[in-house]
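J.: With the hints as extra help, turn the sequences into a complete structure.
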Amino acid sequence: MAIRDWPEGERPREKLLTLGAAALSDAELLAIFLRVGVKGRSAVDLARDLLSSFGGLRQLLEADRQRFCAEHGLGEAKFVQLQATLELSRRHLGSLLERDAALTSPTLVRRFLSAQLRHLDHEAFAALFLDTQHRVIRFEILSEGTLDSASVYPREVARRALARNAGAVIFAHNHPSGVAEPSDADRRITERLREALALFDIRVLDHFVIGDGEVISFAERGWL
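Numbering-wise (the UniProt record's numbering), the sequence shown opens with residue 1 and increments by one.
Don't take each hint at face value.
Stated by the list, open to error - Estimated spans, in silico, between C-beta atoms of each pair:
1. H122 / R188: 12 to 22 Å
2. D201 / E71: 47 to 57 Å
3. H92 / E195: 34 to 44 Å
Note that these hints are calculated values from the structure, not bench results.
Using N, Cα and C, we set each Cβ at its ideal position, and we do this for glycine too.
T.: Structure representation (structure tokens):
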């Protein structure tokens, strides 16, 4: 049965307008994005099939171009549309964070950093530079590749912080393995960075390690 023949209260678009987006299932939200189904399958049916094929919503959203476009009912136009939507979401989080002091929005900081780093298939080390009032100045990827003592240089990080006139910084990096538990190398480089930046009166407020659905805070662990 086509969605237009469903009871009005069960149609994804009408349901969203009445109850809000949070009331919809993953399949219903994806169906709105898809707009149409394929022969013999409604958009909701197709959405359910895709979620099953990819193994879940996150895997679908983070699929590369080749994998995404290979699925029946998708293609390059949908891939481009999805990438634009995801980037808009990341920029929206960034704009929200810029309005508030970072320390008064810890949940938003986590969401922003996770949105920036979690989808990467390689390890990346980043910094959120803040002014003395802990308002966001800039987010930057500082290094990409395996995190160890040779990949993140305290002198270079200090140079960038001074160039941004930062009074504080929050570090973050992802673990592509999905396991967020910090390693000994993570703790060592964080301490080296903290000591280097302290010479310039720049505080390291936190270091977040981003895994698959989990974000670990050094500050909450009492390591900073």
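J.: Take the hints in turn and mark each one as holding or not.
T.: Here is how each hint holds up against the structure:
no.	hint	verdict
1	H122 / R188: 12 to 22 Å	holds (21 Å)
2	D201 / E71: 47 to 57 Å	holds (53 Å)
3	H92 / E195: 34 to 44 Å	holds (36 Å)
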